[in-house]
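Undergrad: If you want the numbering used here, it's the position in the sequence shown, counting the first as 1, plus 373.
Worth flagging that the hints you see were computed from the coordinates, not collected in a lab.
Fair warning: there could be bad hints in the mix.
[Said to hold, decoys possible] Listed below are the simulated DSS-like cross-link pairs for lysine-lysine, each with C-alpha atoms no more than 25 Å apart in a straight line:
no.	residue 1	residue 2
1	Lys485	Lys467
2	Lys805	Lys860
3	Lys518	Lys467
4	Lys805	Lys870
5	Lys562	Lys798
6	Lys847	Lys870
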Amino acid sequence: MLRHLVVVLGDQLNLDSSAFDGFDPAQDAVWMAEVAEESTHIWSSKQRITIFLAAMRHFALALQAADLPLHYTRIDQPENRVSLAAELQHAIEKLAPRAIILCAPGDFRVWKSIQAVVRQAGIPLDVRDDRHFYATVREFAAHAKERKTIRLEYFYRALRKQHGVLMEGDQPAGGQWNFDEENREAFGKAGPGAVPPRSTFVPDATTQEVIALVNTRFASHPGTLDSFAWPITRAQALQSLDTFIQQRLPMFGRYQDALWPGEAWLYHSHISAALNLKLLDPREVVAAAVAAYESGHAPLACVEGFVRQILGWREYVRGIYWTQMPAYAEHNTLDAHEPLPAWYWTGQTDMACLRDAITQTLAHGYSHHIQRLMVTGLFALLLGVEPQQVHAWYLSVYVDAVEWVELPNTLGMAMYADGGLMASKPYIATGKYIERMGSKQHCASCRYDPAQREGENACPYTTLYWDFLARHEKMLATNPRMSLQVKNLARLSDAQKQAVAERAAAIRSGAVGAST
């Protein structure tokens, strides 16, 4: 009789998972299942579906190489039951394990689904901490309980102290915790120059099989697979990390917020998907970055900026997600109900910066954090799109999107739907911000002028910025960090405000912005 059935989900592809503690091949087995529901409950892009399925199949090969008994169901098997719950229920009935072991999932929906199946089966469910993270959810909850507001900065500092990362005794390396002021440069007129390329991996036979399957079974889903080259094994993930540390980290911080037309990759790490699939451990990522600083290979500002993303932001958003769900997913503080423009799924817009960000997203399943927050996210915020529609889009199109990390980033940071739980103010700006961050070339090739808020040539970002201030003036006036922007709104005449409102209405109607 089977003692333990160890459930491994598609974003838990690490052999050192707590789920394998005490594993005995003589009496335990591993269970994995590919199911269509995970690609259709939101309209997942081809890139996202492929990276999950390819990584899962390669991890199955690693389990077999380690001589761990494995029960694996492929999505293309005729008897596949489509949903994770139905497949697990069938496995329990067939294999009759005495207990289910599970490393804590990264998706509330999946967690409740598994919990319900196991409860119905009447057997124990042993849920174990995910050691992939520095902090447990319990530790984050304890930190949050002591504070009126839950801000990244204080949690990040606490983790650096606790784990001795970039510390000199009890003080931060370099005498300061935050080097953001040194990490906000834009590219000059000459552009980014010869940026070292990202690591790419030619799809092997297993991945090619997945690509063919996705192109056939999910043909109507967004995106293309012509450029698929993501790391989908641990060895490939380690190579991606090493390439970033050696070639791009020394310039990462300086240009981490910069934009440039046609340049999808720039100096970013491109390892977030590997991290979220658990092919990399954040400790080894942080250790590699810190070693680069200590050896003199990369400056402190660059390394701190990168470490902040891993040790700070990832840990923080995970804590927000698991301490606030399920209610968090329904937040809509700004009462935003506009539909997501259809061109978010095609890139067919005449706004150059948005067209660039969306088309590269659909081609690669990737855009960097400023494109997400201050291009695609900012436009949706200013337009007043319903946050849950924006959430579904981000979860669909990005290869690194797992709900624990994507949902707080979207609803909290991009859409301000949680009313300031994560961000102290809405991140709003005119088209001039995008131009300043390196998109002068975008703006030069665009039919819209970022300096104009009214008229036929007015940049939709600039128009919608002023419209956003007008629509939410009462709420924003109570926020000390927004007081100057609200005062600027008061300088507009009634006629100017009316012109902005009319132009904003035209943008919302689709008369402005969509390509013809």
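Undergrad: Each hint should be assessed against the structure and marked as holding or not.
TA: Hints versus structure:
In summary, the hint linking Lys485 to Lys467 is supported, as the alpha carbons are separated by about 22 Å, within the 25 Å threshold. Restraint check for Lys805 and Lys860: the C-alpha separation of about 19 Å stays at or below 25 Å, so the hint holds. Between Lys518 and Lys467, the direct Cα distance comes to roughly 44 Å. Violation of the 25 Å bound is thereby established for this hinted pair. Taken as a hint, the Lys805 and Lys870 pair is honoured in the structure, with Cα atoms around 19 Å apart against an allowance of 25 Å.
For the suggested pair Lys562 and Lys798, the alpha carbons sit about 32 Å apart, so the restraint of at most 25 Å is broken. The straight-line distance between the Cα atoms of Lys847 and Lys870 is roughly 16 Å, inside the 25 Å bound, and the hint therefore holds.
Violated hints, listed in ascending order, are 3 and 5; each of the other numbered hints is respected by the structure.
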